[in-house]
Amino acid sequence: MQKKLFCPYCGLRLSEKFYENRKRLFCSHCNDPIYENPVPATCLVVTDGKGRVLLVQRSVDPKKGLWCLPGGFIELGESPESAALRELYEETGLTGQIHKLLGVMTNPSQLYDSVLLVGYWIKMYSGNLIAGDDACDAAYFPRRPAGDRL
Amino acid sequence: MMLAMLRISPDDLPEIAFESHLKFIRDTQQLLLDEINFIM
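Protein chains in written order, with my numbering: chain A, 1 to 150; chain B, 1001 to 1040.
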C-alpha cells in the first residue's frame, strides 16, 4: 500500500511520531495523529447439498485468475451482513440467507495494508449461478484440498 | 458465464487466493461435521 504523505485535512506533509504507544503518521499543523485502520470486508462460504463449496475465479488483481470465496468490501451505510449478501449476488447471481458467522480476522493486504475480514456461512440460497463483477467464473468445488484429511 | 452454470464439479479444491478464505472453508468443514455429530 502506498504510504500517506500528506494530511487529508490540511494538506500539509505528514511526519512520523511516536504517539499513543506506537509510531504513527502525524500532522504537525493539525497537531493530530493520522489513525490508520484495517479495511472491512466480507467473504462467504456457500455450501450446497452435495458437500461442495462455491468459489469464484478472480478477474482482477490481486491474485487474478485464482479462485476464492465470494465477497468484498463493506460500503458506507452497509451492515456486514448486507454487504456480504450484495457481494454474493454481484459475483454469483445468487440470493442467500446467512446461516452463521464463521469468524472475524485481520489479514495483511498488498493493496490496503490490512483487511478486517468477516466470514459468513450460507446454506440457503436461490438463483442461477452466473459469474459477474470481479468474478469471471463461478463453480462448486469439493471442500477438501487434495490430500487434506479435514 | 454459461460455463459456470454447466460446470461439472472438479475433483479437488483449486489453489485458493487467500489463506484466510481457506481457513473459513476448513472451519465450515468442521462445523458441518459437528452438526452431523450433533444430529446423530
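Because the hints were derived from the structure by calculation, they are not lab data.
Hints may contain errors.
Unchecked claim - With a straight-line Cα cutoff of 30 Å, these simulated DSSO-like cross-link-like pairs (lysine-lysine) come out:
| # | chain 1 | residue 1 | chain 2 | residue 2 |
| --- | --- | --- | --- | --- |
| 1 | B | Lys1023 | A | Lys64 |
| 2 | A | Lys64 | A | Lys23 |
| 3 | A | Lys17 | A | Lys4 |
| 4 | B | Lys1023 | A | Lys17 |
| 5 | A | Lys100 | B | Lys1023 |
| 6 | B | Lys1023 | A | Lys63 |
| 7 | A | Lys50 | A | Lys64 |
How the hints compare with the structure:
{"no.": "1", "hint": "B:Lys1023 / A:Lys64", "result": "holds, 20 Å"}
{"no.": "2", "hint": "A:Lys64 / A:Lys23", "result": "violated, 34 Å"}
{"no.": "3", "hint": "A:Lys17 / A:Lys4", "result": "holds, 14 Å"}
{"no.": "4", "hint": "B:Lys1023 / A:Lys17", "result": "violated, 36 Å"}
{"no.": "5", "hint": "A:Lys100 / B:Lys1023", "result": "holds, 15 Å"}
{"no.": "6", "hint": "B:Lys1023 / A:Lys63", "result": "holds, 17 Å"}
{"no.": "7", "hint": "A:Lys50 / A:Lys64", "result": "holds, 28 Å"}
The earlier numbered hints that this structure contradicts are 2, 4.
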